Amino acid sequence: MENIIKDIQNRFEVSDIVNQRDNITFVTCEKEKTIALITHMKKNLGFKHFVLMTAVDWIEDGLFQLTYILNNPKKKLDVAIRTFISRENATMETAHKLWKQVSTYQRELKEMFGIDFPGSPRVNESFILEGWNDIPPYRRDFQTKEYAEKTYFPRPGRKTNDPSEYMKKNMS
Amino acid sequence: MKKQKNIFNWQADRSKYPEKKKNGKLDIDMSSGKFVKLWQGPNHPGITGNMSLELTISGDEVVEAKTHVGYLHRGFEKLMERRLWIQCFPTCVRMCVAEPDYNEYLLAKSAEELSGIEIPEMAEWLRTLVLEMARLQSLLRTVPGQAGTLSLGVGVQWGVYLRDLVLDLFEELTGGRVYHMYIIPGGVRGLLPDGFKKRMEEVLKKIDEFVKNIENLMFNNIVFKKRTIGVGYIKPSWIDKYGIVGPNARAAGFKRDVRKDYPYLKYNELDFEVTSEKDSDIFARSMVRKKELIMTIDLIRQIMAKMPKKGDIKAPTPNVLHWKIPKGETYVRSESSRGEYGFYTVSDGSKTPRRINLRGPSYTHAISLLERMLVNANIADVHSIMVSLQTCPPEIER
Amino acid sequence: MAIKDILTPFTAWKKVFNEPVTIKDPFNDRPGAERYRGFHKNELQTCIGCGSCEEICENEAIDLVAVKGYETKNGDSGLRPMVDYGRCCWCALCVDVCTTGSLTLSNEYTWVAENPDEFRFVPGAENKAWDKNELGWKKPVPNYEFYGQKRVKMEELSPEERDHSFIEIIKGYSKEQAQLEADRCVECGICIATCPANMGIPEYIKAIREDDMEHGLKILYETNPLPEICGRICTHKCETVCSVGHRGEPLSIRWLKRYIADQVESAEYKRILGTDGIENNGKTVAIIGSGPAGLSAAHYLSLMGYKVTIYEQYAKAGGMMRYGIPEYRLPYDQIDKDINYILSLGVNIKYNTKIGKDISLAELRDKYDAVFAGTGLHLGRSTRIPGTDHEHVYQAIDLLNKITEGKEIHVAEKIVVIGGGNVAMDITRSLARLQNQKYGKVQIIATALESEENLPADVEEVIEAREEKAIINPGWGPQYIEIENGKIKGLHVNKCLSIFDEEGRFNPKFDENNKNFFEADMIVESIGQGMDIAYITEDIKSELEFGPRGRIVVDENFQSGAKWLFVGGDIIQGPDVIHGIANGHKAAYGIDNFLKNK
Ligand code: SF4
Ligand code: SF4
Ligand code: SF4
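Protein chains in written order, with the working numbering: chain A, 979 to 1150; chain B, 56 to 453; chain C, 170 to 767.
Hints are computed from structural coordinates only; laboratory data are not their basis. All values reported here derive from a predicted model rather than from experimental measurement. Errors might be hidden in some of the hints.
[To be verified] Going by beta-carbon spacing under 7 Å, a handful of chain C positions derived as facing chain B:
{"no.": "1", "residue": "177"}
{"no.": "2", "residue": "178"}
{"no.": "3", "residue": "181"}
{"no.": "4", "residue": "190"}
{"no.": "5", "residue": "191"}
{"no.": "6", "residue": "196"}
{"no.": "7", "residue": "198"}
{"no.": "8", "residue": "200"}
{"no.": "9", "residue": "308"}
{"no.": "10", "residue": "313"}
{"no.": "11", "residue": "758"}
[To be verified] Dumping the calculated SDA-like pairs for lysine to any residue here, alpha-carbon to alpha-carbon at most 25 Å:
{"no.": "12", "chain 1": "B", "residue 1": "121", "chain 2": "A", "residue 2": "1097"}
{"no.": "13", "chain 1": "B", "residue 1": "121", "chain 2": "A", "residue 2": "1108"}
{"no.": "14", "chain 1": "A", "residue 1": "1123", "chain 2": "C", "residue 2": "340"}
{"no.": "15", "chain 1": "C", "residue 1": "340", "chain 2": "C", "residue 2": "282"}
{"no.": "16", "chain 1": "B", "residue 1": "382", "chain 2": "A", "residue 2": "1118"}
{"no.": "17", "chain 1": "B", "residue 1": "310", "chain 2": "A", "residue 2": "1149"}
{"no.": "18", "chain 1": "A", "residue 1": "1020", "chain 2": "A", "residue 2": "1067"}
{"no.": "19", "chain 1": "B", "residue 1": "361", "chain 2": "B", "residue 2": "220"}
{"no.": "20", "chain 1": "B", "residue 1": "77", "chain 2": "A", "residue 2": "1100"}
{"no.": "21", "chain 1": "B", "residue 1": "382", "chain 2": "A", "residue 2": "979"}
{"no.": "22", "chain 1": "A", "residue 1": "1146", "chain 2": "C", "residue 2": "391"}
{"no.": "23", "chain 1": "B", "residue 1": "346", "chain 2": "B", "residue 2": "250"}
Glycine included, every Cβ here is placed at the ideal spot set by N, Cα and C.
Isolated chain A, as found in the complex:
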């Protein structure tokens, strides 16, 4: 593992290295170099198994974190690559050429987070949310509860009491 991290550190200047466990390490890579890094890891370092990719919304920093987890099935190691992209007009280079299933992930990220992957097959087709016209719902600023309250009918007649308020009212 050490050698692998050294290798990609030299070539791609990855930072924020966290050895989460013996066999999984998290690294951060610049947006522009990320796909090259992933390609390198797949082609030259044996990280043939694509575990997943997903996004994390750091709305307070105006950033999306994209995480790609790659696995080397021979050496039984995982490396997770984080890269940060701007939330505004979020776009990322597509990786669909590397693994067949990547386009599905990218399609989902487009729909759920509004991150575009130009050139990724069917990226603009709706995946789960046919007919959705609100903001991409997995963004942090999409309020699930508000949405549920305006979309569904709350059961009428429900009312609760806060114990301390109620006691204050009844005991003074």
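Starting from the known structure of chain A, fit chains B and C with the ligands onto it as the hints suggest.
Same frame as chain A, but now just chains B and C with the ligands:
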């Protein structure tokens, strides 16, 4: 098992259509009258959950397939971002109905790893047991279920009955039949009830018997063989290309199993061999699952024998009502009956998760892989191919 | 292709004559398992309406509602959980978190009703068929907890380290300890109503968890301007009702309060509390006595812009807190920290000024817009048994007073203390220390009418006194002091059978056949204190109303019959510090209202 060849078998591209356009793309012109759209689903076919396949067919052959999901989307990943860590525990189970326990385990494990909590030995054993029981009940549906897709319903009925017996055991141990809500962050929620071992053994004996019976019913059945051998072939080169895991990969000769490769819980104290087959067709995948069923029975027997009599079931955790998990992220995986099942969990140091992302095997199996496999398949084989991948839509859309 | 493959599947036909496995009568043949998670049950008598179940429910299936027959009282909100089965997912987290253990699930899972609203009810209040089911989910035991049941131990000086001197015994929590202890709070707020000052307990405990001392201090000062003091010696009634105490040990609320105050430097107080430059409203209030009630009133009045002057009979401020409570429990510098902050708000204090002697109450009335009297209980009461007029029979309160002033007091080799309250423990332990210093050993006995279980003193006080080698021998009634040649020989006591008669009046009964004698050459009486309100002259008295045992009658704002005179503290309620603080706070608002409307 020797691969059998005969006229019923699959051959590459039997139809004249679609022709290729000059640019190399397929020429699928719906107005030409040469193609028909056929939808399979989204009604619940009984084993796999609601999902639909948009098939373009020419004659009896599929020329293009698209998987449509979204019928089960409840946004669990998002909902968990708005809940206390402990409140995610009853929510996460719903991401996979067939084996909810893996969700419980992975959530608990992520929370424990990120907060540096070690759980008691007893809890580890009980978790291992519950995960194997989950596999057992799942396989009791899937193994005969494959024959069910070919209208051989008897095995399914046997399986469903036995699965119910396993669910009875679940009910005794965890208080629930389908959603067990047993593996809680910090440990588990109960020791084995009195006499559990005995009742477990009684059920396992019945399942032993069942394995023999389906051997006769399915695997030595000419109809089943004809419809599965050579059908739904997965090229070994696709395994990594498509991210294929679990029995689907093992049936292609890839001896990959999270339990062996990245041992978790008590798996390195248990004795087992990773199952595999070579032919990589539906029959091979069924065989792998049958072997897996036998192995699970054996594993449960081992666990029951090795498990300590008593011990603590839960490590102390911070007060769950304001449990903050230190900032960090991790990926933990386990081997579900469908293959690598993992949680990518991010904590921002607050009381609620920042992000929990489920990596389910069906995400790749039911979409990119299935869409590829269905091309040139006979429409009569579509559902058996789908079931042979053991797809589970809830884990695709979460 | 083998012929076998055609024939073997037919072996399945063998099963055609098997007995069917279907359950024939699922309503009766198939009860849920022992741990089944079915409909809720709740023992409403045990439940305290803390709302933890509501808090943890991820589906918002629980509402807390008033239920007939359950009143709001100390330690019980009177509310009970109502479950909406349209939302419940039967996870039983509510059961596992329940602070009292009243909530369980039954093993019943079948129930048909036509009206969907019937699926919303208060478990335990509706006589459901499953209310008596033995089976069903219960919280797993043991060592399965959702929050800590054990207190974080408070470190204190060992008896050997402390029994020679008056240095503070309790060391106080470290940050780590405080946060661990604060983590146990379930934020129910049940304790708030029991605290006489209604302090925002869960909120300041939360501030500790979040390590936000400034916010914590603000919360403390909202209701209590003497946090260092209360954080040490409050009678902590809140802890007796803490929800967590039902299955485990209650939160150390008092030590947590102290922790916050200890963390903040005095110099920071004004900035944090935003009390720089309060605008004066031109009105004046006189306060008699600088005890907790007076200081609290002074604090809140100052914040409202009043010019406050305190009249204090002694040389230093604090009243009983300084002159009654020994230093090892409440160090003087901590008293000063709290008081100096209040004085820094512009409160003027006149020391060594006794009302009725140096200045009359009428003068205050004429000079100020309003007067608040919190003069406390400073007169020691005597048992009046034969011999109490001897010169070596003392009043505890006088001795404590002298110790504070640093005056030499008589310390005999063998001492008996009569009394079983906190003051009795204070003097016993103080004298034990002095005996240690003087004679190198302790020979002191404290005796009281009350039996061991009913001793009015805090349990810790009794335990610690014993650790310091004082003998606490309760359950005896003093009869007479034996004096020989002008010297005290000791105290004769009879076993006390009962203290109150059938009507609840003080009327102790003794067992004449069970006598005892405590040898001593000095006796200290500590059976309670009385008030000295001689400063209220007859003309003013005539405007006041008096209740039982001569207590001045006041309204809910502590306003007396003489509208300009507000009265609070031990002479009205208590006796303890926290009631004084609460009285002073309310009186401040009362005075404000009174003066605004005048
Ligand atoms: S947690 Fe228990 S005690 Fe508290 S309100 Fe709920 S049922 Fe009652
Ligand atoms: S069982 Fe679960 S869902 Fe139902 S009321 Fe209790 S906490 Fe809520
Ligand atoms: S201190 Fe006890 S009673 Fe008060 S809010 Fe916390 S848990 Fe509830």
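Hints, verified against the model:
no.	hint	result
1	177	holds, 4 Å
2	178	holds, 4 Å
3	181	holds, 5 Å
4	190	holds, 5 Å
5	191	violated, 9 Å
6	196	violated, 17 Å
7	198	violated, 13 Å
8	200	violated, 11 Å
9	308	violated, 9 Å
10	313	holds, 5 Å
11	758	violated, 33 Å
12	121(B) with 1097(A)	holds, 19 Å
13	121(B) with 1108(A)	holds, 15 Å
14	1123(A) with 340(C)	violated, 47 Å
15	340(C) with 282(C)	violated, 61 Å
16	382(B) with 1118(A)	holds, 17 Å
17	310(B) with 1149(A)	violated, 69 Å
18	1020(A) with 1067(A)	violated, 29 Å
19	361(B) with 220(B)	holds, 23 Å
20	77(B) with 1100(A)	holds, 22 Å
21	382(B) with 979(A)	holds, 24 Å
22	1146(A) with 391(C)	holds, 16 Å
23	346(B) with 250(B)	violated, 28 Å
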